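Protein chains: 2
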Amino acid sequence: MTVGAWIVLSAACAQPRDALPSWNDGPPKKAIVEFVSRVVTTGGPDYVEPAERIAVFDNDGTLWSEQPIYGQFAFALDRVKALAPQHPEWTSKEPFASVLKGDLKGALAGGERALVEILAATHTGMTTEEFDRNVREWIAAAKHPKTGRLYTEMVYQPMLELLSYLRANGFKTFIVSGGGVDFMRVWTEKTYAIPPEQVVGSVGKTKWEMRDGRPVLIRLADVDFVDDKEGKPAGIHRFIGRRPILAFGNSDGDQQMLEWTAAGAGARFLGLVHHTDGEREVAYDRASSIGRLDAALDEAKVRGWTIVSMKDDWRTVFPK
Amino acid sequence: MTVGAWIVLSAACAQPRDALPSWNDGPPKKAIVEFVSRVVTTGGPDYVEPAERIAVFDNDGTLWSEQPIYGQFAFALDRVKALAPQHPEWTSKEPFASVLKGDLKGALAGGERALVEILAATHTGMTTEEFDRNVREWIAAAKHPKTGRLYTEMVYQPMLELLSYLRANGFKTFIVSGGGVDFMRVWTEKTYAIPPEQVVGSVGKTKWEMRDGRPVLIRLADVDFVDDKEGKPAGIHRFIGRRPILAFGNSDGDQQMLEWTAAGAGARFLGLVHHTDGEREVAYDRASSIGRLDAALDEAKVRGWTIVSMKDDWRTVFPK
Numbered sequence: 001m002t003v004g005a006w007i008v009l010s011a012a013c014a015q016p017r018d019a020l021p022s023w024n025d026g027p028p029k030k031a032i033v034e035f036v037s038r039v040v041t042t043g044g045p046d047y048v049e050p051a052e053r054i055a056v057f058d059n060d061g062t063l064w065s066e067q068p069i070y071g072q073f074a075f076a077l078d079r080v081k082a083l084a085p086q087h088p089e090w091t092s093k094e095p096f097a098s099v100l101k102g103d104l105k106g107a108l109a110g111g112e113r114a115l116v117e118i119l120a121a122t123h124t125g126m127t128t129e130e131f132d133r134n135v136r137e138w139i140a141a142a143k144h145p146k147t148g149r150l151y152t153e154m155v156y157q158p159m160l161e162l163l164s165y166l167r168a169n170g171f172k173t174f175i176v177s178g179g180g181v182d183f184m185r186v187w188t189e190k191t192y193a194i195p196p197e198q199v200v201g202s203v204g205k206t207k208w209e210m211r212d213g214r215p216v217l218i219r220l221a222d223v224d225f226v227d228d229k230e231g232k233p234a235g236i237h238r239f240i241g242r243r244p245i246l247a248f249g250n251s252d253g254d255q256q257m258l259e260w261t262a263a264g265a266g267a268r269f270l271g272l273v274h275h276t277d278g279e280r281e282v283a284y285d286r287a288s289s290i291g292r293l294d295a296a297l298d299e300a301k302v303r304g305w306t307i308v309s310m311k312d313d314w315r316t317v318f319p320k
Numbered sequence: 001m002t003v004g005a006w007i008v009l010s011a012a013c014a015q016p017r018d019a020l021p022s023w024n025d026g027p028p029k030k031a032i033v034e035f036v037s038r039v040v041t042t043g044g045p046d047y048v049e050p051a052e053r054i055a056v057f058d059n060d061g062t063l064w065s066e067q068p069i070y071g072q073f074a075f076a077l078d079r080v081k082a083l084a085p086q087h088p089e090w091t092s093k094e095p096f097a098s099v100l101k102g103d104l105k106g107a108l109a110g111g112e113r114a115l116v117e118i119l120a121a122t123h124t125g126m127t128t129e130e131f132d133r134n135v136r137e138w139i140a141a142a143k144h145p146k147t148g149r150l151y152t153e154m155v156y157q158p159m160l161e162l163l164s165y166l167r168a169n170g171f172k173t174f175i176v177s178g179g180g181v182d183f184m185r186v187w188t189e190k191t192y193a194i195p196p197e198q199v200v201g202s203v204g205k206t207k208w209e210m211r212d213g214r215p216v217l218i219r220l221a222d223v224d225f226v227d228d229k230e231g232k233p234a235g236i237h238r239f240i241g242r243r244p245i246l247a248f249g250n251s252d253g254d255q256q257m258l259e260w261t262a263a264g265a266g267a268r269f270l271g272l273v274h275h276t277d278g279e280r281e282v283a284y285d286r287a288s289s290i291g292r293l294d295a296a297l298d299e300a301k302v303r304g305w306t307i308v309s310m311k312d313d314w315r316t317v318f319p320k
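Chains as they are written, first to last, in the working numbering: chain A, 1 to 320; chain B, 1 to 320.
No lab work stands behind these hints, which were simulated from the structure alone.
Model, not experiment: these values are computed from the prediction.
Wrong hints could be hidden among the right ones.
Treat identical chains as interchangeable: a pair holds within one or across any two.
The calculated DSSO-like cross-link candidates involving lysine-lysine, where the alpha carbons are at most 30 Å apart (straight line), are [said to hold, decoys possible]:
#1 Lys205 <-> Lys229
#2 Lys172 <-> Lys190
#3 Lys143 <-> Lys207
#4 Lys101 <-> Lys190
#5 Lys205 <-> Lys30
#6 Lys205 <-> Lys146
#7 Lys205 <-> Lys172
#8 Lys172 <-> Lys101
#9 Lys205 <-> Lys311
#10 Lys229 <-> Lys207
#11 Lys30 <-> Lys105
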């Protein structure tokens, strides 16, 4: 092969193939590609320095499925069962008794207080390393109640492609989720290629302690920071320290994050995943107790944010 | 030139030149280079994946000078002077009256309460963007009281080289400082090539507010998290989410950070800058109220941590 032929062939190979094959051709895909193209075009009016290409994603319902219950809550329920032999009193004490009988409705009859008790019993009182191990073991084995697949397989293929596409264009991708940061960090690197230091979430207090001359951090029951709704911009400010240029969510809990992102100068992309696909996933929005999308949906329409219809805009939902 | 000659020449050019020219040849430099070499040697017993090559640095007294007063406190004093016209009552109200007269000792006679009042008046009550601008303007103009240089020139040249050397070897460098995170983030990227999202520090609460339809975060007087002493491991856990393999500090405030780093499995590097150079900088350790190095110095000796003597181990202290 001549050098000339090699150059021609290389150029041909370098033609960009479709980086978002699981997205149907439609307005959302077009808006994403156009936005990225604008901010990476050196010398263009919307060019953004790579260091400022910060993209933030909600997790539950945006990157992975949140129905019928949040993954982290499924973990908590399984931990109650695993810990039950050490707590014989739980068989007659709510909300644990109901959890052990598999009666979720009964368990949650106690409202927020029941929820807090379940979370405290399963998320606190141990070292950060022990908690890490609990999550690691659970996420490697637990199966989604509806599909029987691992939770880390209940992620959205189009969003995985979007994360990769953004990173290939110099973006730094972050998770900004209401979920517990220590629950997510265990598996986000392998699942989304998002390292622990780029995961922002809700945080509990810890206590420094020396155990046999070795320092440990004990997880306390005091919640320190709730990274949801108005907490999301605060979390972005606190943990990332610069304003994102792209934000993706799926519920009213993400509304302030999108507003905060939108309020910066220069090109911005705001996206919402709309769960419209009752066949391939679950159809829900304004009336759902999990991942309610109501006020943010109205605002998205008024302000021209990109609404991604799972049914219409995604060729594939989950990885094959 | 033949291809063979070109390869030979390239190999010659690729010979590593000294990446730490401001470090004298001595045990600390040798220990650093040996540690880095061990953790980057693929297949070696101490190899560490790039993603796990987390290096944390204290800021005050470790990366830049902290004498005669912390840079952030100098900023606060200058802000009191700048704000004085809007606060006529300060001329007769302590600690402000003393600050305005340039009487630092008098200002601090009120102890911690005086300090908190000065910080609250200069660091809170404005939006995060306003505070950002205040710091940006100050850091661009304020001069160090002893040397007359910009504060960002009062950084340690050997440490700048160390940061670059680590990054060239696949490390991710973080600041973990007791200083206010929002004060540091304004200038760390330009000064240390450490981006805002890799700066961990003390944090105040913020309040979300809509002003003329645009969201802002107001800085509140409530301190949320103090990233010092036992707070440093908590900060590392909370913000970074993995255990560093290298930690560098200079005072007892860094002791727990070094202990936490040391407690991980595998190769570790723990370093302390010892301020031994009264001629080129300031000589201080066990008796200093700023940057006291006492218990950590004892522990370093017992545990074989690397103690860097500014006088003996640094060829140059500040950038030329």
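Here's how the hints hold up against the structure:
Taking the closest pair of Cα atoms, Lys205 and Lys229 come within 30 Å of each other both inside a single copy (20 Å) and across two copies (15 Å). Within a single copy, Lys172 and Lys190 get their C-alpha atoms as close as 16 Å, and across copies as close as 18 Å, so both meet the 30 Å cut-off. Taking the shortest Cα distances, Lys143 and Lys207 never come within 30 Å of each other, neither inside one copy (33 Å) nor across copies (40 Å). For the homomeric pair Lys101 and Lys190, neither the shortest alpha-carbon distance inside one copy (34 Å) nor that between copies (58 Å) is at most 30 Å.
Taking identical chains as interchangeable, the C-alpha atoms of Lys205 and Lys30 are never at most 30 Å apart, the minima being 43 Å within one chain and 39 Å between chains. Taking the shortest alpha-carbon separations for Lys205 and Lys146, neither the intra-copy value of 34 Å nor the inter-copy value of 41 Å comes in at or below 30 Å. Proximity of Lys205 and Lys172 under a CA criterion of 30 Å is satisfied in both settings, with 27 Å inside one chain copy and 26 Å between copies. Within a single copy, Lys172 and Lys101 get their C-alpha atoms no closer than 44 Å, and across copies no closer than 47 Å, so neither meets the 30 Å cut-off.
When the C-alpha separation of Lys205 and Lys311 is checked against a cutoff of 30 Å, the pair qualifies neither within a copy, at 41 Å, nor between copies, at 41 Å. Within a single copy, Lys229 and Lys207 get their C-alpha atoms as close as 27 Å, and across copies as close as 12 Å, so both meet the 30 Å cut-off. Taking the closest pair of Cα atoms, Lys30 and Lys105 never come within 30 Å of each other, the shortest separation being 43 Å inside a single copy and 63 Å across copies.
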